[in-house]
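A.B. asks: Listed below are the residues making up each chain.
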Amino acid sequence: MPRIALEPRFQVEHLSVLDSEGNLDAALEPKLSADELKSLYRAMVLGRRLDERMVRLQRQGRVGTFAPIKGQEASQIGSVFALRKADWMVPSFRETAAMIWRGWPIEKLLLFFAGHVEGGRPADDQHDLPITIPVATQLPHAVGLAYAAQYRSDDAVVMTYFGDGATSEGDFHEAMNFAGVWHVPVVFVCQNNQWAISVPLKKQTHSRTIAQKALAYGLPGIQVDGNDVLAVYAAAREAVDRARAGDGPTLIECVTYRLGVHTTADDPSKYRSEEEVTMWEKKDPLTRFRAYLEQRSLLESDIESQIDAEIADAVQRFEATPPPDPLTMFDHAYAELTPDLEAQRAELAEREAAGPPRVGEPTPLPPRATPMRGQRMTRR
Amino acid sequence: MPKLNMVKALNLALFQEMERDGDVLVLGEDVGVDGGVFRVTDDLQRKFGSQRVIDSPLAEAAIIGTAVGMALYGLKPICEIQFSGFAFQCFHQIENHCARYRARSQGRFHVPMVIRMPYGGGVRALEHHSESEEQFYAHVPGLKMVIPSGPRNARALLAAAIRDPDPVIFFEAKALYHAAKEEVPEESETLPLGRAQVVREGNALTLIAYGAMVRVALEAADVLQDEDGVETTVIDLLTIAPLDRETLIDSVKQTGRAVVVHEAPRSFGPGAEIAASIMDGAFLSLEAPIKRVTAYDVPFVGFAREKANVPDVTRVVAAARETLAF
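Chains as they are written, first to last, in my numbering: chain R, 1 to 380; chain U, 1 to 326.
No lab work stands behind these hints, which were simulated from the structure alone. One or more of the hints may lead you astray.
[Unchecked claim] On the chain R side, residues computed to face chain U include the following (Cβ under 7 angstroms):
(1) G120
(2) Y147
(3) D171
(4) Y217
(5) L337
(6) G355
In this text the structure is predicted, and so the values were computed from the model without any measurement. Where is the CB? At the ideal position from N, CA and C, for every residue including glycine.
Isolated chain U, as found in the complex (with noise of 0.2 angstroms):
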């Protein structure tokens, strides 16, 4: 099995599913000859020629509009945004069209494509080019919301989500795409969409996270193991909607306590939302309140002060021991 980064990993992904169907085209800012900024579509012109991996002219809403358009005629486009923080020109085509058209035509029509956006710190970005912002498409119904963590999930993930009928937001952490290298298989691979992984067990405190903080949140547990002496299981969601409510309930029956940790800011966020489906189903069972680890509710804090807004281990830590303490 070679061992691949995330970049490669998406790349397979997409050289796969565009060699098993002729339907699948790529559209986006500087992903042709260039192969994206971040490389992620290196090569897919060479191979697959420039109409079905277009470079497509600097404008957001119809860069997701024509591929609305595409999608309704029966391709599979893949849209490639190149920072989430410029998907505010095409939100309106993402909320009232990629999302609503199944339900407006009654099924007549549906949308199946797919849109990748890199998001998130840790990569000294500048700003629109570092925040975090699931929150906004996990809200809307008809989207589906997938955050990968590493090379092998963010492949068979976006295998899935370009095979998914409906439309999928991919969001691909900044912060990953060349932070580790994993065996990722040759041969064709899916994870269902909708489903939670437990990547780390144990009966004290469950850790929920997603994207870039998957690893902090590991890196919590060790030293939690290490100087407290405390179990703990890390879920990392990989689908935030539908969000997998069934795995945290289960979890949190077992260890009663839960620490929520996303890149997002705090209010409103994925965070407050898999706080209430907890409270629904494990409420008896809850012995401390839950906490999230967030960003804090500022607009922007650039990235000289990234590292005092993005959650990292040690407030991770102190959160799980303030939760284990109560």
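Next up, chain R with everything else stripped away, as it sits in the complex (with noise of 0.2 angstroms):
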């Protein structure tokens, strides 16, 4: 009865393209054409002009509570370049960038944020699920997803999003679970960004990965540098592949960083230093691609006032949306009004119809109703 070493030993790898400086591993580098580098490039542009101006926006009280990505826009729009437009998005509450890139129009978002439920409606023919908040929920559908189309035979691959807090969470590992035994094409991107509010990773998590915890599932995981776009484009090309080949899931964790505040609503200096943030913006995503395609000649000068006119006609568009009608709030329910909610709506109509009570008028009583008390008619 010896006690012997099992095998397979397991080895995850960590995939690095491009450096900080913007040093190449040729040998690594994907197969991007000259538009493709620059259209992830744009991506990630728009991805942090738009999240600064969101930000303004909401200090500005234009738009409610968001959840920036400055940091974060190689792990998402590296990944997301992976995807057909066929294929699935499923996102949680942290990817404007990848989000815009499968089509949500800005305004839409802007929408959103804004607390207009109009702005999570996906257009008919896009292939992504809205906004998901309750951390990691969004992982099981994403493995249903996969497995309605494997079960209607159609070649389509489901990505999903989360982050680093989300890996403690059990719909994380139920799903992982679901998707190695069914065997389904998923592709599972952690935005590992080493905060969860304020909460380290080292807290989060015992593992010396993320990307390790897959091969508890029987699936590939791999770590890539989340700042370096090619890296992660590499790893989610190679994902998306063997998904659509048939050949199950895969979990890429993106070591990255979330350079700005949790959500508006957070103050980080309570929790993490300064000199860690600045640590983290001497890698950043941008500075980095933005040297490769220097010395590919492949940048284009006026790229940033584009956008910023881009985004700017989007806000535009944005706050020139009427107030929303009050009464719409019934119609998504269920697929057809209840007796209950056609009362309710009623007598919501009602109260619009009157209008606010005016200031210094006492409110009118409602008339009496007959019979009162004492007259009752009953048998009594």
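Dock the two chains into a complex; use the hints.
C.D. replies: The following block contains the structure:
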């Protein structure tokens, strides 16, 4: 009865193609055309500029609480770039850059963060789920979509996003387990941005990497430099191709950093040092990719101003949105209005029609219901 | 017409709906090879294959969560949660997602799924295997909550739930699974969701019940007729949410008195909502306060004490007499 090591022994790889100085490992450079490289960069800049604009809009009270993505542009754009339009994208709540790449209009996202439910409706031809806020709960949905795609013999791949904090949730582990057992075409993209609000990674997990958690579920896991868009793309390309070929799911851990606040309601100075932020600013995903493109003369000069104009137009369209009709709140509770909802809708319609009570005037008492006590229409 | 118990009647509905629509799938723990711990999904995997009748890993949240994903893709999953006492491990998926996806996506997506769960006492079961928790689901906007009371309506309501475009929580009373056989037509049959049925008519009192308590209410009505000479109306809700208030109110306008019976604990339970609806709609017809006969507000009693906790005929008759004498 010997005590023996079980085979296979597991290994987890870390992939980096472009370091923070813009030095390239040419052997690992993914095959991307000049146009593709330019659009990757453009999408990352759009993600950054919109993020900064949204934080300002929030400070001005023009949108509500918002979860910025600053620092995570490479993780998002590098991964989502590997999808086809007919593939499915399942976000959490910190994927604005990836969502815009997938076709969400900027003004729709602004509407969403301004509290308009209309901002959560994907276009009819869009294979994207809306933002999901409860952490990790979207991951089983991605696995179910992938099961359904396989059941229907469609060759769609599903990519889903979450953070390092999500890997502590049961839904993460259940989703990974189901994906492994069912062998479905799903790619799990963890944006390990080091902080789940105030809790650092080392308090979130005792694992050396997040990628290794895949191994427990019998799937490949890879860690990539999440601030290196080429590395993220290379890993995503491989995972998406594997999924499409019927070879099952993958977990990609993008090691990145949330340069901004958790949400606009958060103050990170309470829990992390300026030095740490400065250290990560030196690894900015945009800086190194810009250097890479410059060396190849692929950098377009006026890209920032074009993007700013595009954002300004979207903000204008967003702000021209008429105030919402309260009565539509009943429209999508069920396929059809239930009798209760019909009555409640009528009650609200009546209140809306009456308008607000005028200040300084006493609210008129409702007419007395008759009969009153002592005049009961009963047998007693 | 064959005579079937509720297990066989539910199995017939699943079988026929799966034959009718290739998008219908069954998913849950032990639902395939084993046919479910109560055999409701018996033989389905043999007929429809393991891709459509899925023996899932043991994880309630992922059963519901992956089914949400399947439904968003256009399939119609039917999930089995082995006992309703285990559904708290997937309650977040039900409340956060099943119930809300239509609203969150403003109609772009919907979740046409059914979640079946055995509930209730009467089978000498352990903790988490005998509770009655319909109130949690009935309270959630976006969900429908159905509880049949016998083989024939169980079959018809399950078929209707599967065809419904909204998520339906479908509770099956364990005490009824093998309790009685009923004639169930072979050809497919549905009942509309959201409609209660008057199963006995009388002018003195309205008894309102659902699931396993309908039998108890009917027996109580017999006792009241035999011993007190009063005629009782019995309403079988069938759907808890959306609640068929109209049928309740119409009846109480005739009888002036109402007693609600349920196995769930009393406070904030369906009885409270039913009583409030009657107050709203039939206040001036009421001759007596509305009484509730329910389980007590205790977490768990064990089956050795279950009879003292779950409403029985004696308690319902006593409550009815108090109401009649008020």
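A.B. asks: For every hint, state whether the structure bears it out.
C.D. replies: We went through each hint and held it up to the structure:
Nearest Cβ of chain U to the Cβ of G120(R): about 5 angstroms, under the 7 angstroms cut. The hint holds. Taken as an interface hint, Y147(R) checks out: its beta carbon lies about 6 angstroms from the nearest beta carbon of chain U, inside 7 angstroms. For D171(R), the interface hint holds, the least distance from its beta-carbon to any beta-carbon of chain U being 6 angstroms, beneath 7 angstroms. For the restraint placing Y217(R) at the interface with chain U, the shortest Cβ-Cβ distance is roughly 10 angstroms, beyond the 7 angstroms limit, so the hint is violated.
For L337(R), the suggested interface contact is broken, since its CB lies about 10 angstroms from the closest CB of chain U, more than 7 angstroms. Hint status for G355(R) relative to chain U: violated, with the closest Cβ pair at about 26 angstroms, above 7 angstroms.
Violation of the numbered hints given earlier is confined to hints 4, 5, 6; the remaining hints are satisfied by the structure.
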